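Here are the chains, one letter per residue:
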Amino acid sequence: MNPNLLLAIPLLPLAAAVISGLFGRLIGRTASATLTIAGVLGALVLSLKVFQQLAFEGVPSYNDTVYTWLVSDGIRMQVGFLVDQLTVLMMVVVTFVSLCVHVYTIGYMHDDAGYQRFFSYISLFTFAMLMLVMSNNFMQLFFGWEAVGVVSYLLIGFWYTRPSATFANMKAFLVNRVGDFGFVLGIAGIVYFTGSLDYADAFAAAPSMATKTLSVMPGAAWPALTVICICLFIGAMGKSAQMPLHVWLPDSMEGPTPISALIHAATMVTAGIFMVARMSPLFELSETALSTVLVIGATTALFMGFLGIVSNDIKRVVAYSTLSQLGYMTVALGVSGYSVAIFHLMTHAFFKALLFLAAGAVIIAMHHEQDMRKMGGLRHRMPVTYWTSLIGALALIGTPFFSGFYSKDALIEAVAESHRVGAGYAYFCVLGGVFITALYTFRMIFMTFHGQERLDHHAKAHFHDVGWDMKAPLVALAIPSLLIGFFTVQPVLFGGWFGDAIQVLEHNDVIAHIGHHFQGPVAFALHGPMGAPFWLALGGVVTAWLFFLKNPSWAAAWESRLSGLHTVLVNKYYFDWFNENVLARASRGLGSVLWKAGDQAVIDGTLVNGSAKLVGWLAGVTRRVQTGYLYSYALWMVVGLAVLLAWFLLSAH
Amino acid sequence: MTQYLLSTLIWLPIAGGFLTLLLGDGSRNLARWLSLGIAVATFAFSIPLYLGFDGSTAAFQFIERTAWITTFNADYSLGVDGIALPLILLTTFTTVLIVAAGWDVITERTAQYLGAFLILEGLMVGVFAAMDAMLFYFFWEAMLIPMFLIIGIWGGPRRVYATIKFFLYTFLGSVFMLIALIYMYLKTGDYSIAALQQLPLTATEQRLIFLAFLAAFAVKVPMFTITPDGSRELSWLVIALSLIAVVYIGFVALVQQDMKKLIAYSSIAHMGFVTLGAFLAYDIVANTGGVQGAALGIDGAMVQMISHGLVSGAMFLCVGVMYDRVHSRQISPYGGVINTMPKFGAFMVLFSMANAGLPATSGFVGEFMVILASFKANFWYAFAAGTTLILGAAYTLWLVKRVIFGPVGNDHVAALTDLNRREFAILAILAVAVLLLGLWPAPLLDVMRGSTHHLVEQMLSTKLPTP
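Chains as they are written, first to last, in my numbering: chain A, 16 to 668; chain R, 6 to 472.
Treat the hints as calculated values from the structure; they're not laboratory data. As the structure is a prediction and not an experimental result, all values here were calculated from the model. One thing to keep in mind: the hints can contain errors.
[Unchecked claim] Covered stretches of chain R, as calculated for chain A (at least 3 residues, CB under 8 Å):
{"id": "1", "stretch": "41 to 52"}
{"id": "2", "stretch": "255 to 263"}
{"id": "3", "stretch": "290 to 300"}
{"id": "4", "stretch": "330 to 344"}
[Stated by the list, open to error] Partial list, derived from the structure: chain R residues whose beta carbon lies under 7 Å from chain A:
{"id": "5", "residue": "GLY107"}
{"id": "6", "residue": "TRP108"}
{"id": "7", "residue": "ILE111"}
{"id": "8", "residue": "ILE376"}
{"id": "9", "residue": "ALA447"}
In this text, a Cβ means the ideal position worked out from N, Cα and C, and glycines have one as well.
Let the hints inform the model, and build the full structure from the sequences given.
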């Protein structure tokens with residue numbers, strides 16, 4: 016592969032971002048939009064070319080350094096690309112969704128004063144995300160990891176005059192930093208054992224690391240690879256919003272909707288999933304780490320889904336759904352089903368970006384109204400949005416033949432096949448999650464698009480369907496949401512597409528297991544109604560129909576009957592309350608105590624001013640000695656001589 | 006010319022400083038242009054120092070030697086190695102910005118202010134370039150005078166109190182160093198640092214001298230190679246102090262209401278990485294049995310030192326920009342500054358991100374290297390150092406949230422005017438430097454390579470007489 020071609024893929028969006036960021040006012044709105052769209056389009060075309068080379072022309076994968084950042088102590092820190100089947104899939108997904116979002120932005124941000132700035136940020140994000148997925152070493156991975164984080168920070172706080180937005184972006188950054196703290200320790204652990212930051216060296220050293228221990232505490236030696244993998248996974252928990260580090264994602268909805276689709280659904284939040292899949296040679300060798308991944312993923316998948324049922328904000332419902340789906344992917348990683356995790360990542364990227372952009376279209380049409388209780392019946396007013404949303408929703412709940420069906424069904428079967436510690440619990444969670452997913456998804460569809468119109472006067476007066484600049488991306492995303500699973504399940508999941516990019520030990524290979532029964536996508540889909548997930552999903556849709564369309568009074572009745580549970584859900588299990596009232600308050604309290612008691616009282620008060628007082632006191636004492644009388648000095652001389660003499664005599668012995 | 010390059014870098018600004026002093030307040034503009042010219046010229050002279058430097062060797066370069074005080078065998082001997090060179094460049098670079106930053110802000114005793122800074126610059130270069138302990142001490146102590154005056158005359162409301170406190174404590178530390186130097190001189194009859202490094206010292210002697218140096222400057226790493234065994238024994242003390250600086254100060258910074266204090270505390274936390282990285286060598290050897298990571302720690306410490314100069318400097322300047330307009334350093338009178346000062350806001354966010362150690366800025370490089378190296382020494386060192394990722398981001402971004410973002414806070418903020426050309430130029434130059442060091446740190450590392458490896462060897466050598 017030509018390294019210049021690979022280099023151009025991230026650099027095109029970067030160049031566009033820099034130009035429209037620094038000179039946006041100079042070149043104007045249209046030029047900024049055109050330039051950044053051209054940059055991302057270029058990246059997409061080149062990514063497709065790389066895809067073609069890898070998939071059809073038999074070109075071997077690429078792994079080389081393009082730039083040496085620094086060398087210190089024999090440790091080379093570099094920028095380099097590892098482009099294999101896993102990478103190229105991510106590249107295509109990232110650039111495609113990014114292109115859709117860029118185009119959609121033309122309409123969505125049309126009236127915003129920060130038009131050029133917004134385009135600059137989303138192109139910068141595309142650059143950072145590409146650097147992350149294309150990296151062949153931990154340094155660059157961390158660079159991309161932090162860079163997507165900072166662009167996310169800038170974009171959540173895009174409307175910086177809103178206090179809620181500036182709170183949300185700080186929260187997102189800080190919670191991610193908690194994850195990064197673990198991530199850096201994991202990277203440092205790898206450098207500890209290998210003296211290198213390259214993936215290849217880490218993977219080669221994995222078997223030897225698996226036999227080593229880290230003496231973390233005196234007397235307690237922990238298995239080194241498990242510590243490293245769990246540290247890396249803490250990083251993934253931050254970025255991919257796994258409990259308890261999920262708290263930032265719902266709040267990130269304060270940002271403009273295009274970025275919710277791009278960053279907080281399709282790409283950035285999947286970075287953690289991608290990273291663990293990339294690290295499969297390491298994770299495979301630690302059962303403990305994988306069980307941890309499994310349990311955390313399963314908990315997130317089920318419990319975040321519940322929150323989607325009680326939220327009335329259309330974007331937040333989609334956000335909770337994203338949390339839950341990220342939990343599904345994490346579960347897949349936990350059962351060594353890395354390939355199905357990435358497969359679900361891909362299908363999810365399309366249908367979830369679609370659902371977000373559709374929600375954004377509704378919000379714009381409703382003149383910035385996000386409360387579903389004030390919507391209803393919109394399918395007549397915005398048919399394109401309705402039908403594409405419906406496709407996205409059907410894909411999300413796993414309707415046979417839709418893309419989500421193939422990834423989710425395979426995922427659930429993979430969990431059923433696994434015998435890992437925690438797999439039983441995870442199976443329960445992912446099955447239960449199917450019902451919940453269908454319930455909240457169709458609750459959203461029914462409340463928004465069906466039933467009676469509940470628009471208030473303002474929304475009615477200002478209602479206008481969105482233009483084709485926003486509808487076209489919906490259609491562009493609806494097509495893969497519908498079809499991509501059908502056409503790719505065979506090659507990607509069961510055809511050995513990932514090759515050496517993902518490594519699974521033979522006795523862990525659940526995907527190979529379910530692959531034995533695979534007889535093509537049609538048979539797979541037709542087999543759907545034989546399994547529990549199909550009926551659970553159907554049950555969810557019917558329940559949603561009964562409670563939120565047919566008899567809305569039932570929902571209210573159940574709400575009051577289960578008011579305790581409802582309160583817990585509305586308060587999001589009190590995670591935010593805990594973080595703000597316990598963690599943040601304790602940190603500030605500790606800071607105050609350390610400052611007042613430590614810095615001001617002890618160091619400044621006692622040590623600094625105390626020593627000054629001591630000098631003053633000594634001076635007072637010695638002043639009394641300095642009487643000015645000769646006899647007094649003579650006396651002190653005698654005393655001094657006596658002391659010296661005594662010391663001399665005593666020390667001589 | 007290169008023969009006297011170091012002397013030029015020391016005496017050009019000092020002479021220029023005195024010349025500026027002579028101008029007095031009558032010709033304020035002339036004083037400004039003169040001092041800017043001298044600062045720029047000094048910086049320009051420091052460039053051939055970089056270009057002519059050979060980073061592959063640990064040997065001192067650009068050496069000058071003349072007898073100075075023959076009675077004490079003290080020489081006027083100058084030279085730079087890979088450790089001193091980047092610090093000299095940082096000094097000459099930042100002085101240009103400092104002169105420009107005070108341009109129309111310092112309206113009282115302008116000539117004296119600028120003169121003091123130029124003299125300080127020359128003395129600082131002297132500290133970095135001195136190869137003779139007595140000469141080093143001379144520059145070191147002389148530095149106190151302009152610093153004393155700058156704080157005492159142009160400082161804040163409690164400047165006199167601050168000045169006396171500053172002077173007493175730095176001077177107290179220095180006296181310990183003087184005693185240690187004289188003690189060693191009495192044993193060698195020579196003040197050259199190279200000779201002191203050869204001097205055999207017992208464990209007790211090394212311990213006391215180490216503590217004396219520690220009291221004087223907390224850290225000037227090359228000096229500690231005089232007492233390798235003492236350093237080995239007492240490195241735990243430095244590491245403990247460093248980690249306390251990172252964690253403890255991180256929490257303290259969180260609750261500051263005064264922006265300048267907040268940045269000062271954050272600056273202490275960042276310096277904790279410098280001392281941590283510099284003293285990891287012993288623990289790394291003890292823990293892994295190898296030396297890999299020791300030089301990484303020292304390199305990281307050096308990068309952190311340079312970056313800290315740029316980033317903290319930029320943050321302080323940013324506070325200055327706001328202070329000049331609103332006359333308050335408190336956080337509470339601000340809020341939503343970006344609405345009226347978008348350019349300034351962009352710079353402030355960039356420098357804050359660098360302060361929080363974001364990759365692609367200089368703030369990341371050193372921290373990352375030191376964390377990697379500290380894991381080699383002890384898991385918990387890395388753990389404690391790593392908390393800076395959270396704490397550093399917390400206090401910095403909370404500051405940004407309260408000051409920069411949000412709706413326009415009050416009438417003062419509404420009346421703010423964005424950066425003028427001079428302010429823009431200064432911050433832009435710093436921004437470029439911060440990004441350049443973050444994206445392309447290799448030139449800095451290349452200069453230091455020979456010296457850091459030599460330093461590690463010296464730290465790990467022993468001076469104890471073989472029994």
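Task: Hints violated by the structure (numbers, ascending) - done: Violated hints: 1, 5, 6 and 7; rest satisfied.
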